[in-house]
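Trainee: Single-letter residue listing:
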Amino acid sequence: MNLDCHRDEHADLATLIGAASAGDEGAWRSLVELYWRRVYALARSRRLSEELAEEITQSVFVTLAEKLPSQEYEEKGRFESWLFRVAMNRIRDEGRRSARQATPTDPAEMREARLDETASAQDEEPELAQMRSAIAELNESDREIIELRHHAGMSFKGIADLLGEPVGTLLARHHRALRKLREMMESGDPATSGEAGMT
Amino acid sequence: MTRKDENMRESENEKKTPPELQEIEAAVDRLAAHDRMAAPEGLLEQVVQRSSTSLPRQDHPPISISSFLQRPAVRIAAVFVIMLSVGVVAVLVTRPAPVAGPDDLAALEEEFEALAFLEDEWSEFGMVEVSALDRDLESLDAALSNFWGVTEGVLEEESL
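Going down the list, the sequences are from chains A and B. Residue 1 is where the first sequence starts when you use the numbering used here, and the numbers rise one by one after that. Residue 1 is where the second sequence starts when you use the numbering used here, and the numbers rise one by one after that.
In isolation and in its complexed conformation, chain A is listed as follows (with noise of 0.2 Å):
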């Protein structure tokens, strides 16, 4: 990437923050329109309902909107990882929740949750499919640096700020997790492989 280019982005990146934080809704919305998308396919690859997912976006900006202005936010310089922390916080939030309301003990009720799950995969090109699949296998933390990195968008540095890990650390890391879905993609099954979910 260009060096200039870099400066300008976080240049701009700067001038929208200060004017939204002032009350300009027209620098709000570009800033939505910037990472809405993001923050969705964060939320969907979590395997949360589109539903969900879109009140999750939603709630995230409400969230970045109230604090913006405020001194809750102490991060000027770092909104990426600010607004990406605030996003899998509320995502791993919800997860639990839906773990807690929605774990079928019933066998009619788990048959119909598999088939609800089947239903959506089909929705999706089978390598796709198999690819969430082998991601949802994986340790959390092989899995948060897949899908922040990813899905998210975020650089290394970003994720650095995020995670208070330096970015060595977390480069092996995202290798490591590559490895381990190149051999759940060539196993065929995800759920099998044996190493998936060991650190």
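Hints are not guaranteed to be accurate.
[Stated by the list, open to error] Some, not all, of what chain A presents toward chain B, calculated at C-beta under 7 Å: (1) 28; (2) 62; (3) 66; (4) 69; (5) 182.
[Stated by the list, open to error] Just the calculated beta-carbon pair ranges, DEER-fashion: (6) B/26 x A/166: 24 to 32 Å; (7) A/14 x B/81: 41 to 49 Å; (8) A/55 x B/26: 25 to 33 Å; (9) A/12 x B/33: 18 to 26 Å; (10) B/70 x A/34: 33 to 41 Å; (11) A/55 x B/78: 53 to 61 Å; (12) B/50 x A/13: 20 to 28 Å.
I should point out that these hints are in silico values taken from the structure, not numbers from a laboratory. Note that beta-carbon positions come from the ideal geometry of N, C-alpha and C, so glycine has one too.
Given the structure of chain A, go ahead and fit chain B onto it with the hints provided.
Mentor: Below, chain B alone, put in the same frame as chain A:
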């Protein structure tokens, strides 16, 4: 380490995905792109509308004198006022002062003389009229005194 160095190092690191992992990385990217494009178009408007209400209200700055003077209507009005003022001043300056000349004074003297003549005429006529009125009043006074004298005599006789 400067920002420039950090950016360069990061871009170098990001190039270091091993060749054997580039294919699987591209496959993950395809899934991510699919999920991004799956976002319903109407969601953007919903997000903007719902979140915009949480933004702080934008303060409208007070109108400064310079910005006020730059408004077209104000400029037109200012030009009109200036032109009107210049016109009024020009008329006042160029208007001749009402100074009486020698000819005017002679005409006035003639007028005064004519008025004096009329006044004398009027006085003579007035004196005649006033004398006649004075005579009428005296005769009326005598008639009244006579009436009251007779009336008193009648009343005294009746009281006795």
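Trainee: Tell me if the beta carbons of residue 55 of chain A and residue 26 of chain B are separated by a distance inside 25 to 33 Å.
Mentor: holds, 31 Å
Trainee: Is the interface hint satisfied for residue 182 of chain A? The criterion is a beta-carbon contact with chain B at less than 7 Å.
Mentor: holds, 4 Å
Trainee: So the hint says 24 to 32 Å: do the beta-carbon atoms of residue 26 of chain B and residue 166 of chain A match that?
Mentor: Given range 24 to 32 Å: holds, Cβ gap about 26 Å.
Trainee: Kindly confirm whether 53 to 61 Å is satisfied by the beta carbon distance between residue 55 of chain A and residue 78 of chain B.
Mentor: Cβ of residue 55 of chain A to Cβ of residue 78 of chain B: about 57 Å, so the range 53 to 61 Å holds.
Trainee: Regarding residue 14 of chain A and residue 81 of chain B, is the given constraint of 41 to 49 Å on their beta-carbon distance met?
Mentor: Roughly 46 Å apart at Cβ, these two residues keep to the hinted range, so it holds.
Trainee: Take the C-beta atom of residue 70 of chain B and the C-beta atom of residue 34 of chain A, compute their distance, and say whether it sits inside 33 to 41 Å.
Mentor: Taking Cβ atoms as reference, residue 70 of chain B and residue 34 of chain A lie about 35 Å apart, which means the hint holds.
Trainee: Would the hint on residue 66 of chain A be counted as holding, given a Cβ-Cβ threshold of 7 Å to chain B?
Mentor: holds, 5 Å
Trainee: Kindly confirm whether 20 to 28 Å is satisfied by the beta carbon distance between residue 50 of chain B and residue 13 of chain A.
Mentor: At 22 Å between Cβs, range holds.
Trainee: Against chain B, run the beta carbon of residue 69 of chain A and see if the smallest gap drops under 7 Å.
Mentor: At 5 Å from the nearest chain B Cβ, residue 69 of chain A passes the 7 Å test, so the hint holds.
Trainee: Hint check: is the beta carbon of residue 62 of chain A less than 7 Å from a beta carbon of chain B?
Mentor: holds, 5 Å
Trainee: Is 18 to 26 Å respected by the C-beta to C-beta distance linking residue 12 of chain A and residue 33 of chain B?
Mentor: holds, 23 Å
Trainee: Holds or violated: is there a CB of chain B closer than 7 Å to the CB of residue 28 of chain A?
Mentor: Holds. Min distance 6 Å.
Every hint, counting from the list given before, is met by this structure.
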